[in-house]
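Residue numbers (my numbering), protein chains in the order written: chain A, 1 to 375; chain B, 1 to 286.
Watch out, some of these pointers could steer you wrong.
Claimed, not checked - Below, simulated DSBU-like cross-link-like pairs (lysine-lysine); rule was C-alpha separation at most 35 Å, straight line:
hint: 1; chain 1: A; residue 1: Lys-288; chain 2: B; residue 2: Lys-237
hint: 2; chain 1: A; residue 1: Lys-326; chain 2: B; residue 2: Lys-115
hint: 3; chain 1: A; residue 1: Lys-84; chain 2: A; residue 2: Lys-101
hint: 4; chain 1: A; residue 1: Lys-208; chain 2: B; residue 2: Lys-237
hint: 5; chain 1: A; residue 1: Lys-215; chain 2: A; residue 2: Lys-309
hint: 6; chain 1: B; residue 1: Lys-237; chain 2: A; residue 2: Lys-309
hint: 7; chain 1: A; residue 1: Lys-215; chain 2: B; residue 2: Lys-237
hint: 8; chain 1: A; residue 1: Lys-84; chain 2: A; residue 2: Lys-158
hint: 9; chain 1: A; residue 1: Lys-158; chain 2: A; residue 2: Lys-215
hint: 10; chain 1: A; residue 1: Lys-215; chain 2: B; residue 2: Lys-230
hint: 11; chain 1: A; residue 1: Lys-314; chain 2: B; residue 2: Lys-237
hint: 12; chain 1: B; residue 1: Lys-115; chain 2: A; residue 2: Lys-84
hint: 13; chain 1: B; residue 1: Lys-237; chain 2: B; residue 2: Lys-267
hint: 14; chain 1: B; residue 1: Lys-223; chain 2: B; residue 2: Lys-267
hint: 15; chain 1: B; residue 1: Lys-237; chain 2: A; residue 2: Lys-326
hint: 16; chain 1: B; residue 1: Lys-230; chain 2: A; residue 2: Lys-288
hint: 17; chain 1: A; residue 1: Lys-288; chain 2: B; residue 2: Lys-267
hint: 18; chain 1: A; residue 1: Lys-215; chain 2: B; residue 2: Lys-267
hint: 19; chain 1: B; residue 1: Lys-223; chain 2: A; residue 2: Lys-288
hint: 20; chain 1: B; residue 1: Lys-223; chain 2: A; residue 2: Lys-215
To be verified - Chain B side only, calculated, beta carbon under 8 Å to chain A, not exhaustive:
hint: 21; residue: Lys-115
hint: 22; residue: Phe-118
hint: 23; residue: Thr-154
Hints are computed from structural coordinates only; laboratory data are not their basis.
Where is the CB? At the ideal position from N, CA and C, for every residue including glycine.
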Amino acid sequence: MGTSAEEPPSPPPPLEWDQSSSDGEEPSPSTSISFDRDRHVAYLEMMYQMLPSYYQSQEINRLTLAYFTISGLDILGALDRVDKDAVASWVLSFQAHPGDKNQLNNGQFYGFQGSRSSQFPLGCDGVLIHNLSHLASTYCALATLKTVGYNLSNVDSKSILTSMRNLQQPDGSFLPIHIGAETDLRFVYCAAAICFMLGDWNGMDREKAKEYIIKCQSYDGGFGMVPGSESHGGGTYCAVASLRLMGFMEDDILSTSGASSVIDLPLLLEWCLQRQAADGGFQGRPNKPSDTCYAFWVGAVLRILGGYKLIDGKALREFLITCQSKYGGFGKFPGELPDIYHSYYGCTAFSLLEEPGLNSLSFELGITDVAALGI
Amino acid sequence: MNLERTVRIKNGFLEITETKSEREGPKASRRIRFAATVIFPSSSHLKVVRALLIRSQVSSILIPNRARVEEASDGLRRRPAAGGDGATEPETGVVGRCSRPQDDGPNPVVPIAYKPEFEEAMNYFRAIYLSDERSPRALQLTHLVILLNPGNYTVWHFRRLVLEALNADLDEELDYVERIAKKNSKNYQIWSIINGSCSSSYTLLFGIIGGGFLKLGTYATAKELQFTRKILSLDAKNYHAWSHRQWILQALGGWEDELDYCGQLLKDDVFNNSAWNQARIMHSTF
Chain A
1 MGTSAEEPPS PPPPLEWDQS SSDGEEPSPS TSISFDRDRH VAYLEMMYQM
51 LPSYYQSQEI NRLTLAYFTI SGLDILGALD RVDKDAVASW VLSFQAHPGD
101 KNQLNNGQFY GFQGSRSSQF PLGCDGVLIH NLSHLASTYC ALATLKTVGY
151 NLSNVDSKSI LTSMRNLQQP DGSFLPIHIG AETDLRFVYC AAAICFMLGD
201 WNGMDREKAK EYIIKCQSYD GGFGMVPGSE SHGGGTYCAV ASLRLMGFME
251 DDILSTSGAS SVIDLPLLLE WCLQRQAADG GFQGRPNKPS DTCYAFWVGA
301 VLRILGGYKL IDGKALREFL ITCQSKYGGF GKFPGELPDI YHSYYGCTAF
351 SLLEEPGLNS LSFELGITDV AALGI
Chain B
1 MNLERTVRIK NGFLEITETK SEREGPKASR RIRFAATVIF PSSSHLKVVR
51 ALLIRSQVSS ILIPNRARVE EASDGLRRRP AAGGDGATEP ETGVVGRCSR
101 PQDDGPNPVV PIAYKPEFEE AMNYFRAIYL SDERSPRALQ LTHLVILLNP
151 GNYTVWHFRR LVLEALNADL DEELDYVERI AKKNSKNYQI WSIINGSCSS
201 SYTLLFGIIG GGFLKLGTYA TAKELQFTRK ILSLDAKNYH AWSHRQWILQ
251 ALGGWEDELD YCGQLLKDDV FNNSAWNQAR IMHSTF
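Full structure from sequences and hints, please.
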């Protein structure tokens, strides 16, 4: 356990999220002017018990939904609502185990599958034929296990880390799943967070990953998801958090005079600060509307760099309050109905703002400090 | 007795032609058409799919009674993989492999209140995926599951395998993907927002065709660029569409008209940062 609060990895941010309720109800803003902790606890607890049917379209991401719910309750100091042993055994049931050591070189990734829709029974001889392990699901699984206090040394890390190398590409980026998909910064982040949580960097080539990250920094200082892409709040978070986790960026680097950096720091700082809009909220890209979740994605970057004090915290808080729902949770925009994703990031945003009664976060890992330390 | 099946996606319809020929008697041909563009499956849509699943062979139409179906499903129910108890292969009979219920393991967390149609479709999908059936009915089933859960990379992956096995017309499949993407562009689900894998089903599709795609040359480029253009006409800042567009241009060229396109978009909205980024990339590339 380090003396400085190691930032836990955060889950890969979606590029967009728009989960609106199907029942056509008129959204109405919360009448509260303060952070409605009890209502958020009630909302998350309800999700923990049962997600409404419109979440069935997110079935494939079920482990991620679990992570949002459980880590959210942890931040709110309400983890007592959760059956920790039940959660641990449920999460572990998603792990894909190789039949024998030789299989670790067959090109597949043996991590965690994200849902029962991507998990199939073993074949004859108990061999796993259908392996749809996914990096993001693995990140969410480990983050959730840490949150409920499960000792990760009981997890088969060797299989995860050895096979994870199969997903890294020559340019340093990562595939999320061996059957093929796009590679981008989100999965570099997941890989770094997984190695960090398992305490073993054999799962990836850090140097190559760093080179890829550097290529993603755009002309305006932010980071795109792939080299050449528009700089983006989520991409920027993945880049900076990964560099920090991998040990390529010092803590609180802006406060250290003469500190050298592998990326253009002043330009990055300026990009981040410019993401706070006139309404007080944070946007993900220039000229996009402010969205609850970027208060975390961009805010956490500023926290990591040591520049959070430069934002207008009061204005941000006021904006976030308008996104707070009277039903508990947060919506994407002011007055919108809540969804689990924005509710989680609304809570993390308030933790960054040091709202009393909320647990502090490990900015790079995306779980509470306590969870990250593994007490 | 010979049974021949062909599947085509034509004019927005999924067309399955079954031809049966017997040694004595005339050839009997039956064509079934399905609308491939339904967004939400109605219960009647599901009934049709159910009928398809039951009628696996023209020569012997099995309409199992409910009790037999349930009995067969029970036989197929397996404990979760975590214990590694070596489940045996499912039966290959028509009724036996119809349905495979979800087993959520011990103490499920964040259970989703699945609607009955969703559960039923997923149960069928599990069965067909496990028996690795790459048939016309499997293709139709993937369509149904995609409508319900467009971000599900398992089903897109399986769909691709089925398309290959059926030697389907990939050009028409592009049209299909385009329709699904357009209907989901606001939700971004087609872009599998959280996990990113298969984040563009379209990209996955071109990952499939790979070399075949490149062989199509200019035509394929125009079609792909056209596709991103259509998405961008609905949402001019769609992040995935822009990334995909860059990837196509970098792989196959075609940058000549791109600056004009960016200019056009900026005329519509001078604050479109995505268009500015694209123009800037061109500037530094050339």
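Structure-based check of each hint:
| no. | hint | verdict |
| --- | --- | --- |
| 1 | Lys-288(A) with Lys-237(B) | 9 Å, holds |
| 2 | Lys-326(A) with Lys-115(B) | 26 Å, holds |
| 3 | Lys-84(A) with Lys-101(A) | 31 Å, holds |
| 4 | Lys-208(A) with Lys-237(B) | 30 Å, holds |
| 5 | Lys-215(A) with Lys-309(A) | 28 Å, holds |
| 6 | Lys-237(B) with Lys-309(A) | 31 Å, holds |
| 7 | Lys-215(A) with Lys-237(B) | 22 Å, holds |
| 8 | Lys-84(A) with Lys-158(A) | 25 Å, holds |
| 9 | Lys-158(A) with Lys-215(A) | 30 Å, holds |
| 10 | Lys-215(A) with Lys-230(B) | 29 Å, holds |
| 11 | Lys-314(A) with Lys-237(B) | 30 Å, holds |
| 12 | Lys-115(B) with Lys-84(A) | 28 Å, holds |
| 13 | Lys-237(B) with Lys-267(B) | 14 Å, holds |
| 14 | Lys-223(B) with Lys-267(B) | 24 Å, holds |
| 15 | Lys-237(B) with Lys-326(A) | 31 Å, holds |
| 16 | Lys-230(B) with Lys-288(A) | 20 Å, holds |
| 17 | Lys-288(A) with Lys-267(B) | 17 Å, holds |
| 18 | Lys-215(A) with Lys-267(B) | 30 Å, holds |
| 19 | Lys-223(B) with Lys-288(A) | 29 Å, holds |
| 20 | Lys-223(B) with Lys-215(A) | 29 Å, holds |
| 21 | Lys-115 | 5 Å, holds |
| 22 | Phe-118 | 5 Å, holds |
| 23 | Thr-154 | 5 Å, holds |
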